[in-house]
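Chemist: In order, the protein sequence lines correspond to chains G and W. The working numbering puts the first residue of the first sequence at 1, with every later residue one more than the last. The working numbering puts the first residue of the second sequence at 492, with every later residue one more than the last.
Note that these hints are calculated values from the structure, not bench results. Quantities reported herein were computed from a predicted structural model and do not represent experimental measurements. Watch out, some of these pointers could steer you wrong.
Unchecked claim - Selected chain W positions facing chain G (in silico; Cβ < 10 angstroms):
#1 W525
#2 G551
#3 V555
#4 V559
#5 W560
#6 I595
#7 F629
#8 V630
#9 E645
#10 M669
#11 I673
#12 Y677
#13 L849
As the list claims (entries may be wrong) - Stretch-level coverage of chain W by chain G, calculated; a stretch enters the list once three of its residues show a Cβ under 8 angstroms from a Cβ in chain G:
#14 632-639
#15 728-734
We treat Cβ as the ideally placed atom computed from N, Cα and C, and that holds for glycine.
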Amino acid sequence: MNSALTELNLHAVLPALAMVIAAAVVMLLDILNRKGKTPTLALLPWVALIGVLATAGVSIWLLSQPVSSFQGMAISDERAQALNLVVLTGAALAILLSVRYIPAVNRQTGEYYTLILLVSAGMMMMGAATDLMVVFLALETFSLGLYILAGLNRDNRRSNEAAMKYFLLGAFASAFFVYGAAFVYGATGSTRFDLIAMRLFDGQADAAVLAIGVTMLIAGFGFKVSLAPFHMWTPDVYQGSPTPVTAFMSIGTKAAAFAAFYRFFATALPTEQPTWGMALGILAVLTMTLGNLVALRQSSLKRLLAYSSIAHAGYLLVGLATATPAGIDAALYYLIAYAFMNMGAFAVVILLERQGEMDADGNRLRGLAKRHPQVALLMSVFMFSLAGVPPFAGFFAKFFVFAAAVQGGYSWLAAVAMLNSAIGAWYYLRIVVDMYFAEPSDETRIEAQQASIPVAMTLGIAAVFTVALGVLPWLWTGLVQSGAVNVVALR
Amino acid sequence: MTLSIPYLLTIITFLPLVGAVIVMLAPGDGAKKWLALATTIVTFVVSLLLWTNWQDGYAGMQFVEDAVWFAPLGIRYALGVDGISLFLVLLTTFLMPIAVYYSILYVDKRVGAYMALMLLLETAMIGVFVALDLVLFFVFFEASLIPMYFLIGEWGGQNRVYAAVKFFLYTFAGSALMVVAILIVYFSVGTFDIVALQSTPMPLAVQTWAFLAFSLAFAVKTPLFPFHTWLPDAHVQAPTAGSIILAGVLLKMGTYGFLRLAMPVFPQAAEQFGPLLATLAVIGILYGALVALMQKDIKSLVAYSSVAHLGYVMLGVIAMNAQGVSGSVLQMVNHGLSTGALFLMVGLLYERRHTRMLDEFGGLWASVPIYTGLFLVVAMSSAGLPGLNGFVGEFTIMLGAYNYMPIFAVLAAAGVILAAWYLLTAFRKMAQGEITNPANDKANLKDLNLKELTMVIPLVILFFVIGLFPNLFFDKINPSVEAMLTTRAALIEQATAEQMPALELAEIVVTEAK
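If we strip away everything but chain W, and leave its shape as in the complex, we get (with noise of 0.2 angstroms):
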């Protein structure tokens, strides 16, 4: 027996907002936290109706629902989500419990307007993810900047203004002519319908432009080298909560509008850019890795790594193969998860000691093991350690970019030792030989407590299951992207066969002229 609910996007969209607004009026800071916290609660619980509702082997959208929004641009509020989809809308609602929880824990400045700036941005990220509409996904996807941008000026470290303001301009810029694009798009097949633009033809040019404009605005935001030097300043300044946000969610944006948009909306002109964006792709997880290696503050050496992970859902989503598509779905939550997880250890680290960097510590195995116990099999869970979520979403991503171009696979197998290397180097650091720093006894030095490990907790047992378990995600995820390639792939192969006559003809005219 399921249990179902009309406007279930809607619901699950707009809990947040409504729950911003009752925060605001509520008195007490107390009560403001705890009913943030009830709202991403109830938000998660409520998106677990759509995995208990699902379709299983349904390709298409699920949930839908459609309105007229504005009827002279045939602009509508249509909303849905399917495999590809469906795992980001359930990672956003269970990283937010995870991210209120721990700003219930450890801020304490003006709580009432950063828990509603928060809830404002769970309902422009899932918004992004539920949209079936070209502009109510602008909507979403612009909309999201706002409250970050103030999470991260407001409460974040030193130099958070300069962050602040370089998130946003950058994004800002990034997306502006994606609105052109849109609108040469709606002229040229006139609609905005997300589903419908990926089976309909249309003139190269146009894909052409409009396939550079939304790689730039999703280039920016993935972010993919070399557009990735507002990531580690939003992140290194980002309050932990904001920053786990970022990282889980946030970027998930811009790889998911890769997926959604970029690559099956305009298939010849990405396949003409497929090996550029590869490179980049490829270019960014080397170079991740290795600024990541040199990295002293631990913080910066996880928003380093998150350039480089994001390289291989790059690759993934470039290489248009179901194995590539497939990994880089899973890719995407295990990256939200893992990154989500360092960044919340980093942050309990940063509460005790009020600092970040690597040389500070040492020999933390002694002083606090259940922390670096965790600490370890998350830092396991991004480098990929078989057993972990890591470790099957690179490798299908691997098996996928080797059926592209190989060389993409060999390159990024490379990242992958690196990324080992980095997070073991550092984990060496914190945790192992002697204790130096006083501050890092026994004594000084608390270890997690219950509160703390409500938070890790179930992202490390998420980690096993989907270690474990893949084909449980896997089996939602592949009706749909199977669907997406076929689609894609009747597209291309219409838009050759129409050009052949005019190069069969092109070539009875060279012979005659012979």
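Chain G on its own, in the form it takes in the complex (with noise of 0.2 angstroms):
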């Protein structure tokens, strides 16, 4: 046993800490402000972003000590301070987004950044988490944050429709993963990811007990990152939802929920790989084709992005499927470059909504690169990375992670998702011909309030990186890689 796991080192919790202690901070002048102390609520987002980068700035101080803490509970290595990056990225983001958008949906602003934050905090356990239970609480902290962001739009109808079905469905995909944990407590003994392998390694293990277990986890999991057939309250719950909540629950929910199972699966099941990396492919396969066939057909902008997440969901279990250190380092690599052309993308449908709704229909597109080329050229720079044409992020993420694949012997998963995405690919462009080859019509207007600073900045900010993590991938790789210290090593 390491000596690390003896003693109590905070290091495995810093950056969730860091965000709890920015929420009440954030709390705190908010309840100033109501009591008259503090000048402006306009304050608010800013502290929250300082918070992020300051939680941001304590992660990669973190990438180079890599340390296991609470008796093998948590863990803080280059992977989880990798998945903080990540949320840490969503969040930034989305609160860029917020600034002008949420004051005009829900008044109680304080709330919203705390809750923003508080979210984040749970996600980024997801990361640190080594034990079935750490992971339970993570997953139940964001989830709840979540919930009730969904619904913060309290005078529409399908703001609370969203939140509705996203508690309901969210309930139980909570309870069939405790189910499922208890189940793999029951074949091994134990919650906790090095244990439960060691256990199954000596062959202790009651088989059919951890497959009904392993089973349930899956479908909890499945539930949360959308994977088919999971995955019907996507497309109600991103149309419904604010739009920056929904740009950050896409990255931020699917970013933790992947770290979580990706670690679950290499450090605990590593032994019953072809087992369940069999099934695993078969969801890919499922998902990413349902996600891809019926966004095609979609006219809502939030709708077509919701499927498309969907489908990029299926791309990112193909990774799962093999749980290999490289797709692990992949799968991040698809995460960071998939927050920031999707994050580009919900700023452009932001732009193209009008005051009071929360959605904007596909034919708002149609002729913009007339009327505000800079937009179309940015919103076609996201499209063609999500489509994964180089030389943007997304194609290198495509291909890091289809390189685990067939490293790991999933040729022929690979292989679907080439041609899944080729797929995919028509949709994208259906966009960029709108944009482009249309004319304009009374619908093509941003309107004024729409547009600001903050959003600017936000399309700018995805814009770059997803150009240059396509021209430079190992940007990335070479930050979260620089106290690369193998996971396994250390236990």
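Could you use the hints to bring the two separately framed chains together as a complex?
Modeler: What follows is the structure, given as structure tokens:
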């Protein structure tokens, strides 16, 4: 046993802790503000943003000092910190998108930013968790916050519907998860990943009970990242939630759940890979095919992005089918690339919305290039990147994940995924066609109150990184692997 | 005394990209136009250094650059040219100023974006020909889709959006499986290095699948029958400069891919599927020629003639012997020049009459003699008249094809006759006879002016240079081709030698059983 296990080392939870502190500060300022002691609400997003950036600093500092803590229930390694950075990227860009947006939807902006920070803290714990109970704790922390965020627009029926649907189905999924965890405990006598692996290695586990448990865990996890057939809630919740929340959700939830499950499968069940690898592969095929085919027929931009996110969950799952260390690193690259390109796409959706609505129809893109050439150019970058065309980040994201699959002997899966991405190219391209080759209509306009400097900043940052990560993929891998110490060696 | 510049290939590849950024930032359409032209001319002049600094007789890669791009997977930023790629790079840099100059004269709509896209396209095209790393090659290969897609979709003819989307999706879907094949190859032999791959033995199963996936991508790009259906749409709808580049350079990415990757890297699979591909190539030659014969629109006639001409190139590549391959390399250049020139001539006529229907013309000899004379030269170059460039390439390919399988050479020869037929028919309808339509009168139709001649004359001069002094080019092409073929032959021999003991053992078992 490593001596690090016996002492209480806060490193594993430090970033989450920093986020909680930031949330507390925002909450405090909000109260002071209501009592009239601070001049303005407008400061809150910037305070929250500073909190996010500070936490990112902590994460980068922790990159080079891997440690396992809390009796092996949580870990701080480069993968945990990489996930933190993905979540923080999503949170930072979502906060920028919210500056002008949220006051129009709900007057309690203090609660909003507090929730965003707390949800991020929960997501970050997902990446640090090495015990099913910690995973569950983190899962509930961020899910509960997201249920509230989805229903933020109280006067809007769609928003209410979204929150209700998300909550009911989410509660079901959590139940599945806990029940699954209980079965895994029953089969192996532990919820700790390393102890589960040890029992399996020794052949002391009950295979049938374990299979039931893992199946239930996959169901619960499948709900969170919207794998088919657990994806039903996704389009409605994406469409009904305030758009910055949708954007944040699409990245944060996916990143957190994938990080936790990559770690679970890679460290707890490596010996069972042949069994669940095939199952996950089939789920991946189902998910991406369904996502891509249904996305072809969407007119609402948010629903289109919802189905596109289902398809991307399928691509990410391709890497999970092998869950090799290379696969995990590839998935993290995928997630950061996805964070930037998807945030950019949602920023454009926000620009196209009208005051008081929370969605934009695809026909508002028609002829956008003639009215707003810069926005159209950036949107094209995001669309080509989502389609996986080089030289944008989306290409290497797919390349790395599929490389892991091919390396693990899942060439057929990579081939199916690539064919799928060719189907996906069709609807991403259709957006570009609409923007450039269609005549603008009355609907084609960006209203002045939707355009703001923070949204422009989001667009700019997203576009710069979408290109930069596509041309220089080592920017990210170099950063997160600077303190590369093998997780296995640490155990 | 030769002038040597470090990072020459990087400079040639990315000069247009820098130019594109400058063009976007420059104020005023006039400045944008001339900056774009200046960029392409400078790129061409710099690329001539490849010719002047060329080490004659050296078969390997020259002007090599190599740097780590992405270490965890061993992806490298590796560039280099050999005799096979040299002339394709030069063809690209030579055609670009002509295409850009043509656009200066005739494109008025959103000039800045247009010129920037042309320059981006040039970077992607040169990148494909100089990349020595599979991933780098693929990145350039795919990146070329985006600018071409916008060029067709924004500046094309009536049906441009359909053509642009079809072009993009066809080629994107075609190359999707190539990504997986690249990865399979990497994890089977551990390198993305194209030169190393050419001398690395690979298991036959890997070869077969990878060859099929690579072939699909390149067959769509080339295009090889029956994957050619995107081409007539894209060509007819593209703006003239786009057609020049599409026919002149972009299609060569497909044949170049076959020549550089599919055939030498997977030699045994290539041997197996060779006859099938050769059959498709010959079908393409005959089918393209017959359909071209039926066309009423000159531009789609030229488009289908491309399908036929690339069939020859493919035939030479598949033959994989010295004549076939060398002929193919030269014929790629020839086709680029001839078909590029044909599209240019058609475009010039279209700018005058705003129609491309053959029936609308007649008697142009009398009204525009300079144009008609040059058109005849260009058409003859495309048809393969001895003394002009097309003949040399086609003849060499025929030799190669004959040595490979005589039947293909015989059938392909029929295609040569058809080519002369449809080109001369088109010429007869356009140029000869009486002037039936008053719009074709001397008063209404202006002959080529000096600006237009500056675009056509360099092409015509090159027709004669290549046609009369082919060895100027073959001397640089042949060493690399021979080296490649030697390596490939050794690889096949080694593979068969490995199979021999197993075969002998099987024979012994069989005889003992008897």
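Chemist: Look at each hint and say if it fits the structure.
Modeler: Taking the hints in turn, this is what the structure says about them:
For W525 of chain W, the interface hint is violated, since its Cβ never comes within 10 angstroms of a Cβ in chain G; the closest pair sits about 22 angstroms apart. Interface hint at G551 of chain W: violated, since its Cβ lies 28 angstroms from the closest Cβ of chain G, which is beyond the 10 angstroms cut-off. Taken as an interface hint, V555 of chain W does not check out: its beta carbon lies about 21 angstroms from the nearest beta carbon of chain G, beyond 10 angstroms. Evaluation of the V559 of chain W hint against chain G yields a held restraint, the C-beta minimum of about 8 angstroms falling below 10 angstroms.
Interface restraint check: W560 of chain W against chain G, minimum CB-CB distance 8 angstroms, threshold 10 angstroms, status holds. Interface hint at I595 of chain W: violated, since its Cβ lies 22 angstroms from the closest Cβ of chain G, which is beyond the 10 angstroms cut-off. Annotation: F629 of chain W was flagged as interfacial toward chain G, and the flag holds, the nearest CB pair being 7 angstroms apart, inside 10 angstroms. A distance limit of 10 angstroms between C-beta atoms decides the matter here; for V630 of chain W the minimum to chain G is near 4 angstroms, and the interface restraint holds.
At its closest, the beta carbon of E645 of chain W sits 6 angstroms from a beta carbon of chain G; the interface hint therefore holds under the 10 angstroms criterion. Given hint, M669 of chain W at the interface with chain G, holds; its Cβ is 9 angstroms from that chain's nearest Cβ, closer than 10 angstroms. Hint status for I673 of chain W: holds, given a least beta-carbon distance of 9 angstroms to chain G, under 10 angstroms. For Y677 of chain W, the interface hint holds, since its Cβ comes within 10 angstroms of a Cβ in chain G; the closest pair sits about 7 angstroms apart.
About 29 angstroms separates the beta-carbon of L849 of chain W from the nearest beta-carbon of chain G, more than 10 angstroms, and the hint is not met. With 4 residues having a beta carbon nearer than 8 angstroms to a beta carbon of chain G, the stretch 632-639 of chain W meets the requirement of three or more and the stated coverage holds. For a cut-off of 8 angstroms, the count of residues in the stretch 728-734 of chain W with a CB near a CB of chain G stands at 0, and the three-residue condition is violated.
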